[in-house]
Structures are given as structure tokens and as C-alpha cells.
Amino acid sequence: MKILIVEDERELSESIRKYLGSEKFICEMAYDYHTAMEKIHLNEYSCILLDITLPNGNGLDILRELKRMNKAEGVLIISARNSMDDKVNGLNLGADDYLSKPFHLPELAARVSAIIRRKSFNGRNQIVVDQLILDIQDKMLIVSGHEIALTRKEYELLLYLLSNQNKVVTKAAIVEHLWGEDIDLADNYDFIYSHIKNLRKKIIQAGCPDYIKVIYGMGYKFKVTL
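So the sequence shown is numbered by the UniProt record's numbering: it starts at 1 and just counts up by one.
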């Protein structure tokens, strides 16, 4: 799950990035209004952490732009402002939650996870598909009562495929969603094949069908055959 952190306090932003990274989130940063606006126009995120007071602009205007674009990202406002007007205005403009500074990072992570569950998984803590259970709270895969060990990227890849079940996802979309700014897209996505191959192998060895289908010339699809 990819997170955009819109926060001009670089030390706080880096602390959030490190903590959410340890919780298996991929984080991108925007330290000012213009960078944040550019990113929301170019990319899709599972959740946006949004400060109201930003260099060169206001976080509430970013909320208005998200609403104008009909973007589906969850938004958690993080702000030193603790006035009722700011909170009400943010929620009325489409924010999903509001957290006042200072805050504890575990609470922040819990709120981000709750927003993602509500927005993407109808509030569920588990995604159940046929014989497979992906626990998105504890971040583990369970098949027939047994936990299947996944690497971080395998977990993120499976969650992304399940989030787009029965839809074709391209290699470029997978790279952009799972690696974000941390990788040079260049002209070669061969490493995606290795991650897909290893994930498919683990699922099949656990006794499940081969859910992950190759759509030649396009990408991959997670499909359950009834």
C-alpha cells in the first residue's frame, strides 16, 4: 500500500516514513503545496497524510482538488491546528480522519490502516478468496489454517492483486504501486517476473490453485475459477 506524506516538517516527515515503512507501507514525500499537487495528479495512493499549513499553499485546497478529480484516496489530516473549524472544514471537504500534532506514530499507523480498510476492503481485516485468507491487519497469508511465509514485497504484491481481483494490472502499474519513487523504472521490468514466480510457487505449494494468470502483452490478473 502506497502512502503520500504531505508535510513540510522534514524531521517529522522522515520519522513517519520510517515508521510506516516498518509497517510495510511504501511512502512518498511532498514538502510543499506544489509538489503535493503534482503528485496527486500523477499517481494513485492508498492514503494521503495531509498537513493543512504548507509552503506556497493550503492543504484544504489539495482536498478540494482531490474531490474535483473524483480521486478515491483516503485522507488523514495531520496538523498542529486544533481548532474545530479546521477539523470540520477538512472532514466536509472529504478527509476521512483528523489527527492533531503531536501524535504517537503507532496511533497514526492504526488510523492509516483503518482508513485503507474502510476505503478498499469495506472495513474488513481479512480478504477471503476461495482457500486463501490474507490478513491485512496482521499482514500474513493463511491457507488451510497454516501461515505461509511471504517476503514484504510478496505480501504487497498479493495485496495489490487482490485489491484488483479479476482486473488486469500491468507491470508498470505494479512497479509504480509497490516501489514508487524508490526505483528507476528505466525500460526493464524483468524483476517483476521473479516476484510473481515466487508468489505463485508459494500459493500453489500451499495447496491452492494457480490464481495468478499471465495476460500476455498486458500484465497479470488474480482470478478465481468457480
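Hints are supplied without guarantee of correctness; some may be wrong.
[Unchecked claim] 20 Å max Cα-Cα, derived EDC-like pairs, lysine to aspartate or glutamate:
id, residue 1, residue 2
1, Lys-24, Asp-210
2, Lys-197, Glu-176
3, Lys-87, Glu-107
4, Lys-24, Asp-135
5, Lys-153, Glu-38
6, Lys-221, Glu-154
7, Lys-139, Asp-32
8, Lys-101, Asp-32
9, Lys-101, Glu-9
10, Lys-71, Glu-107
11, Lys-71, Asp-96
12, Lys-213, Glu-154
13, Lys-24, Glu-14
14, Lys-67, Glu-107
15, Lys-167, Glu-147
16, Lys-202, Asp-96
17, Lys-171, Asp-210
18, Lys-71, Glu-176
19, Lys-101, Glu-11
20, Lys-87, Asp-61
21, Lys-18, Glu-28
22, Lys-202, Asp-97
[What the hints assert, rightly or not] The following label-pair restraints were derived from C-beta to C-beta distances:
id, residue 1, residue 2, range
23, Tyr-19, Val-224, 31 to 37 Å
24, Ala-110, Pro-209, 33 to 39 Å
25, Arg-118, Val-214, 19 to 25 Å
Keep in mind the hints are simulated off the structure, nothing from the lab.
Note that beta-carbon positions come from the ideal geometry of N, C-alpha and C, so glycine has one too.
Checklist entry - Of the hints given before, which are not true for this structure? => result 1, 5, 7, 10, 14, 15, 16, 22 and 25
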